[in-house]
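Novice: Sequence:
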Amino acid sequence: MNETYKKIIKIIIIICIIILIVDIIYFIYGKFILKSKQRYSDIINSFEIIDDGIISVGSSTKNGYEQAKLTKYTTNNKKQWEKMLNKKYNSSYFSIKQDNNYFIAVGNYEANKKENEDKVRSALIVKYDEDGKIIKEKRFQVLGNSKFTSVIVVPDGYIVAGQSIYENMTLGLSDKGGAFLIKYDKNLNEIWRSNYGGSKSAVYNDLIIVNDNIYAVGKDATNTGIISKYNMDGTRINTTNYSYTDSIGFTSIVNMNNMLYVVGAKKVDKNKSSYDTDSLIVKYDYNCEKVSEKIYRGKGIERFNKAIVNNNQIIVVGQTGIYNKKKSTNKENVFDYNSIFAIYNDNLDKLKLKNYKTGTNNYFTDIKENNNKFIVSIYGINKSYGIISNFIFYNNFK
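Numbering follows this note's numbering, in which position 201 of the sequence shown is assigned residue number 502; successive positions increment by one, without gaps.
Honestly, the hints are just simulated from the structure, not real lab data. Honestly, I wouldn't trust all of these hints.
Heads up, simulated DSS-like pairs for lysine-lysine below, C-alpha to C-alpha not over 30 Å straight-line [said to hold, decoys possible]:
| hint | residue 1 | residue 2 |
| --- | --- | --- |
| 1 | Lys584 | Lys627 |
| 2 | Lys530 | Lys600 |
| 3 | Lys530 | Lys628 |
| 4 | Lys658 | Lys669 |
| 5 | Lys437 | Lys487 |
| 6 | Lys595 | Lys655 |
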């Protein structure tokens, strides 16, 4: 073999060794380095203004699992402490209320293997002291997939809204499941419960007490929003259906000038796929009869998530999604999301509507008023870091 061939063989061997080393490095990086740098997720679903700051609930990723968390911030928006729910599997909190020196958080978590081999989610209500120590907790489960979505404090306890429904792959019907209202005493002992709607889809997302009646909103069958009226003993008086909403249904309810106002998203065409929606606000009387409605029509997916009343006006926050043709494929429609807030009067005349853009997908989740300023919780999706949440402070949305 002449010297030329020997050189060529040496070069080929060296190239193969380099390729092998690169492959090994890439394998190690993907197996260990990237795994240790999992995309972070920090979501604020709900918050309350307290005397010395803000208390919020949501979830964060930890060791590959979503974990419910309770977080306290100072008046200067500095994180003071954070308490993760010590459950082995996925969990999340959706609503928080203050009760004197206690905090009441509700959400759900995946049962461990001793409770359920399928790890379906159970609803959960947890009572914390002012330092974030768990005083008591109570699990709720009827049909399988369960969650508590909202909670209000009453003099003798707590009333929660939520659901317990069959898993999508579970066959069967049951009159024991669906959307739930449950009342607990201060020690989290159940006083009464009431369920309504389909055992595969019904849910109550929010509730309010007006004139010694409980009003709850959510959804029942596919794309059917609902508003229900109950007495304080948990007896349902009546329910009104609204067709057609998106798959989430009505998500927030407020009371103003002897009328109820409910927000969510309306399907543009019931025969189209569910992404074509407009932001929706509906006005009801105290008998759950619809008085009027108003939509905000953007360029794609629009939804109002939360409403509050301030100075005889309704303040709503949500998001709008614009179809991204370049990123979409035959299998997936991709949207770019930005947050929106709007102000309506009691006749549903739109007084103001603004978009909040950050260059990345973002969502407004909750809003509160404090000392003539609005505080809004937002989470944004960042390709490098994952999902990051924070608060935005507005002076009359200026």
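Novice: Under the constraints set out in the numbered hints, which ones does this structure not fulfil?
Specialist: 1, 2 and 3
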